[in-house]
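The listed protein sequences derive, respectively, from chains A and B.
Residue numbering for the first sequence follows the numbering used here, starting at 3 and increasing by one per position.
Residue numbering for the second sequence follows the numbering used here, starting at 215 and increasing by one per position.
Possibly wrong hints are sitting among the right ones.
[What the hints assert, rightly or not] Computed Cβ-Cβ distance ranges for the label pairs, DEER-style:
#: 1; chain 1: A; residue 1: Glu24; chain 2: B; residue 2: Ala408; range: 54 to 62 Å
#: 2; chain 1: B; residue 1: Asp390; chain 2: A; residue 2: Arg220; range: 49 to 57 Å
#: 3; chain 1: A; residue 1: Arg220; chain 2: B; residue 2: Lys530; range: 25 to 33 Å
#: 4; chain 1: A; residue 1: Leu187; chain 2: B; residue 2: Ala396; range: 34 to 42 Å
#: 5; chain 1: B; residue 1: Ile567; chain 2: A; residue 2: Trp112; range: 54 to 62 Å
#: 6; chain 1: B; residue 1: Val443; chain 2: A; residue 2: Trp112; range: 39 to 47 Å
#: 7; chain 1: B; residue 1: Gly391; chain 2: A; residue 2: Gly190; range: 35 to 43 Å
#: 8; chain 1: A; residue 1: Gly189; chain 2: B; residue 2: Lys316; range: 52 to 60 Å
#: 9; chain 1: A; residue 1: Glu24; chain 2: B; residue 2: Asp386; range: 53 to 61 Å
#: 10; chain 1: A; residue 1: Ala16; chain 2: B; residue 2: Glu644; range: 19 to 27 Å
#: 11; chain 1: A; residue 1: Ala236; chain 2: B; residue 2: Gly410; range: 51 to 59 Å
#: 12; chain 1: A; residue 1: Glu24; chain 2: B; residue 2: Gly410; range: 32 to 40 Å
#: 13; chain 1: A; residue 1: Gly189; chain 2: B; residue 2: Val237; range: 20 to 28 Å
[What the hints assert, rightly or not] Listed below are several chain A residues computed to face chain B (Cβ distance under 7 Å; list not exhaustive):
#: 14; residue: Ala26
#: 15; residue: Gly29
#: 16; residue: Gln44
#: 17; residue: Asp50
#: 18; residue: Ala87
#: 19; residue: Phe91
#: 20; residue: Leu96
#: 21; residue: Leu100
#: 22; residue: Pro102
#: 23; residue: Trp112
#: 24; residue: Ser114
#: 25; residue: Val118
#: 26; residue: Tyr123
#: 27; residue: Ala127
Since the hints were made in silico from the structure, they are not lab data.
Yeah, the Cβ is synthetic: ideal placement off N, Cα and C, and Gly gets one too.
Residues per chain are reported as follows:
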Amino acid sequence: MILLLCSLLYASPAESWTQAAEAAARGDYGAAATQYRELLQQNVIHEDIYYNLGNSLYRQNQLGEAVLAWRRAAVLAPRDPDIQANLAFARRKLRDDLAPVDNSPWFAPWQSFLSVGEGCYLGAALMGAGLVILGLRRRLPGSPEAPAALLFALGTLVWGGALLQDRRSDAGVVLAEEVSVSSELSGGVELFRLHLGAEVELGERVGGYCLIRLPDGRKGWVLEDKLGSVDPRAPFPAGANRAAPG
Amino acid sequence: MLLWIATVQAASLQLQLERRELVEGQTMTAQLVLTDATVAAPPEISVPDGLQLRFAGQKVSSFINNFRSSQALIFSYELVALRPGSYTLGPVQVESSVGKLKAAAVSLQVSARSSSERLVATLGEGDSYEGQVRVYQLHFETARPLVDAVWSPPEAPGFSPEAAVEPMQAKDSRVDGGTTLAIHDLYFPIRFAAAGKRVVPGGVLQARFALARSRQRQPFFGLDRFGDVQEEIFSAEPLPVVVKALPTEGRPADFSGFIGQLSLSAVASATQLSVGDTVTIQLNLSGNAPLAGIKLPALQGSGFKVYDDQPVAEAKLVAGQIVATASYKRAVVAQQPGTLEIPSVSLSYFDPITGAYQNVRSAPILLNVSGTASSAQVASFAEKPPAATEVDVLGEDILPLRTATLPSASPTGSWAWILLIPGAGLLLAELLPHLRPRPREVVATPTLSLDNLPAQPEARLAALDLIFRQAIARRLGTPEENLRREQLGALGEHAAAAEQVYRALEAARYRGDSPDGLEASVRRIVEQLQ
Numbered sequence: 003m004i005l006l007l008c009s010l011l012y013a014s015p016a017e018s019w020t021q022a023a024e025a026a027a028r029g030d031y032g033a034a035a036t037q038y039r040e041l042l043q044q045n046v047i048h049e050d051i052y053y054n055l056g057n058s059l060y061r062q063n064q065l066g067e068a069v070l071a072w073r074r075a076a077v078l079a080p081r082d083p084d085i086q087a088n089l090a091f092a093r094r095k096l097r098d099d100l101a102p103v104d105n106s107p108w109f110a111p112w113q114s115f116l117s118v119g120e121g122c123y124l125g126a127a128l129m130g131a132g133l134v135i136l137g138l139r140r141r142l143p144g145s146p147e148a149p150a151a152l153l154f155a156l157g158t159l160v161w162g163g164a165l166l167q168d169r170r171s172d173a174g175v176v177l178a179e180e181v182s183v184s185s186e187l188s189g190g191v192e193l194f195r196l197h198l199g200a201e202v203e204l205g206e207r208v209g210g211y212c213l214i215r216l217p218d219g220r221k222g223w224v225l226e227d228k229l230g231s232v233d234p235r236a237p238f239p240a241g242a243n244r245a246a247p248g
Numbered sequence: 215m216l217l218w219i220a221t222v223q224a225a226s227l228q229l230q231l232e233r234r235e236l237v238e239g240q241t242m243t244a245q246l247v248l249t250d251a252t253v254a255a256p257p258e259i260s261v262p263d264g265l266q267l268r269f270a271g272q273k274v275s276s277f278i279n280n281f282r283s284s285q286a287l288i289f290s291y292e293l294v295a296l297r298p299g300s301y302t303l304g305p306v307q308v309e310s311s312v313g314k315l316k317a318a319a320v321s322l323q324v325s326a327r328s329s330s331e332r333l334v335a336t337l338g339e340g341d342s343y344e345g346q347v348r349v350y351q352l353h354f355e356t357a358r359p360l361v362d363a364v365w366s367p368p369e370a371p372g373f374s375p376e377a378a379v380e381p382m383q384a385k386d387s388r389v390d391g392g393t394t395l396a397i398h399d400l401y402f403p404i405r406f407a408a409a410g411k412r413v414v415p416g417g418v419l420q421a422r423f424a425l426a427r428s429r430q431r432q433p434f435f436g437l438d439r440f441g442d443v444q445e446e447i448f449s450a451e452p453l454p455v456v457v458k459a460l461p462t463e464g465r466p467a468d469f470s471g472f473i474g475q476l477s478l479s480a481v482a483s484a485t486q487l488s489v490g491d492t493v494t495i496q497l498n499l500s501g502n503a504p505l506a507g508i509k510l511p512a513l514q515g516s517g518f519k520v521y522d523d524q525p526v527a528e529a530k531l532v533a534g535q536i537v538a539t540a541s542y543k544r545a546v547v548a549q550q551p552g553t554l555e556i557p558s559v560s561l562s563y564f565d566p567i568t569g570a571y572q573n574v575r576s577a578p579i580l581l582n583v584s585g586t587a588s589s590a591q592v593a594s595f596a597e598k599p600p601a602a603t604e605v606d607v608l609g610e611d612i613l614p615l616r617t618a619t620l621p622s623a624s625p626t627g628s629w630a631w632i633l634l635i636p637g638a639g640l641l642l643a644e645l646l647p648h649l650r651p652r653p654r655e656v657v658a659t660p661t662l663s664l665d666n667l668p669a670q671p672e673a674r675l676a677a678l679d680l681i682f683r684q685a686i687a688r689r690l691g692t693p694e695e696n697l698r699r700e701q702l703g704a705l706g707e708h709a710a711a712a713e714q715v716y717r718a719l720e721a722a723r724y725r726g727d728s729p730d731g732l733e734a735s736v737r738r739i740v741e742q743l744q
């Protein structure tokens, strides 16, 4: 009986996906966005869900949240042309003209083109190939130890870069209409203002404030709840509650 | 500067202003300080007409006063003085966690700004219509040295920045009563999205003025990077606009959607040609609003074929006015001799000045075509027709939703280590033999037997000794090299005989006694021990 009640109360991921598509088809993008959020809460993390959530939010004129959803989709599928097209389209509507933030580690710039999973599997495959060559070195001609070691080292670098990127959430999106960027946590000088959808680098977080950095090097403190992290595993911000003046 | 002075009381609400006097257009910070209480959302403060208040953020401050710890929730607002006058801000009442709290009203005096420094917003003359693009102008004049200026164009529902035309800034100067005034203008095209009464909020100019440097401070190696500046914010007054809907009455069926003034001309690259030749007809549109997306009707007529090319549209601001052009090229292939008339092309648009729909029409073009009709057939097959036109772009939007089956979660790489197993296994198999303790090397020694003893006396004696020792060691189950004389006692009934042979062997090896008879003794004891 309890199981039956639970199944009635909570839709399965497949049902949520279907209901979201149906809601979007009849133009009810609010209901569609709710279903996509539920899927994410059920830990079904996929670029298609973030992509559709971004579309649904965009249709509701929630540009900041839409950019955030597409950015998260791009983290999971960096080479997806649809995601990049929608992001480019949305960026043209933003008030702040900022270069997109690249949060790949400095020693692994290729992570801009690879998802975390792809980086892990590619790195492991390279390391595995190195080990195979070492294991078969007596049966291979010449001296295969050097290329095997090179493959192993390269694989370690690729895998390490992917793992490091997976543990970083240092890019974010402004979710308020306007945020004030100050030189100090409390008080200080108002350095500049950012607007909805602006993409920034996130730094340390202290007492509800976050240190942000722009691609041109400018830094300042912003209220953390005005920002959303592009980490796909982080809870997606509740859009309806974010309309407070900023 | 923190305005709040710690005159601490339990659960209080105070409204504080940075200054009590402002000059028109200036901005200052207002703070609402809530002590030892909390609220669910930033309180709203109603402001009288002539002032503008924007929420700028909140922070929490803790302090200790008279050995008592308190916490203050400080809401900051940006207060802009729009018009001169005496104003009262508040009282403010909030529903807090400890009940209703009330902050006393504060008064504010706004004086008129110097007439030489004013930010003025204009939208040009004439009515505004739904879908029309107009140029919002911010005009600023100052006699003070302006270091830099940051413009903030207006934003509000009902209109949007026109993406097809870049905003323009212009600088100029003029002399007024012996004073040189710097003039700064911003031209910002906006498109009215819907009909109705609108208010275009005032644009904002954030200006930084250089202050007169003290005499003691000299430029550092010629660089005056440390000069003092004063920042001021100027706000233009909001502009009320009535946006009219386009009239439905008299709307032509071929209305292009263009709102503004328009002109159309047509030019041919040649008027004398042969059958099968191609001539380019260029139709040029020019107007005072963006022309991207405006489609011209097709050229229709007999005796020629037409191939469209992609139109090229451009729009820019010139002296604060939109200058837009669009060029449409049509490749016309003559198919029959004689005089061909390329018909005129007409386009309907709405003129906001006259408030009526208008029509522009290009002049027809006459082409003299020589040759015969058959050559057109030859030419049409021999020549490659002009390139096909691209798909007309009518608008832009995001790409559609994905509705395929629910995807499984994206791979996170947590199972990537599996790829290491084959290589690690191979390597382990390769290394294992080197890691195991090596078995002792077995040195092949000639098999000794009493039946084939060496002939040489010393070797014969050594062989007998070895055969004896091996037989004892086998019987006792100990390594041959560890065999000691004391162990012979363990042979039981054969101990005495073994002891006797042992002594005889030692005597022969170390004292040089004759080995005669030893061979028989060794043979006997070996047979007994087997």
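Status of the hints after comparison with the structure:
no.	hint	verdict
1	Glu24(A) / Ala408(B): 54 to 62 Å	30 Å, violated
2	Asp390(B) / Arg220(A): 49 to 57 Å	38 Å, violated
3	Arg220(A) / Lys530(B): 25 to 33 Å	30 Å, holds
4	Leu187(A) / Ala396(B): 34 to 42 Å	38 Å, holds
5	Ile567(B) / Trp112(A): 54 to 62 Å	58 Å, holds
6	Val443(B) / Trp112(A): 39 to 47 Å	44 Å, holds
7	Gly391(B) / Gly190(A): 35 to 43 Å	41 Å, holds
8	Gly189(A) / Lys316(B): 52 to 60 Å	26 Å, violated
9	Glu24(A) / Asp386(B): 53 to 61 Å	59 Å, holds
10	Ala16(A) / Glu644(B): 19 to 27 Å	48 Å, violated
11	Ala236(A) / Gly410(B): 51 to 59 Å	41 Å, violated
12	Glu24(A) / Gly410(B): 32 to 40 Å	34 Å, holds
13	Gly189(A) / Val237(B): 20 to 28 Å	24 Å, holds
14	Ala26	5 Å, holds
15	Gly29	12 Å, violated
16	Gln44	10 Å, violated
17	Asp50	5 Å, holds
18	Ala87	5 Å, holds
19	Phe91	5 Å, holds
20	Leu96	11 Å, violated
21	Leu100	15 Å, violated
22	Pro102	17 Å, violated
23	Trp112	15 Å, violated
24	Ser114	17 Å, violated
25	Val118	6 Å, holds
26	Tyr123	5 Å, holds
27	Ala127	5 Å, holds
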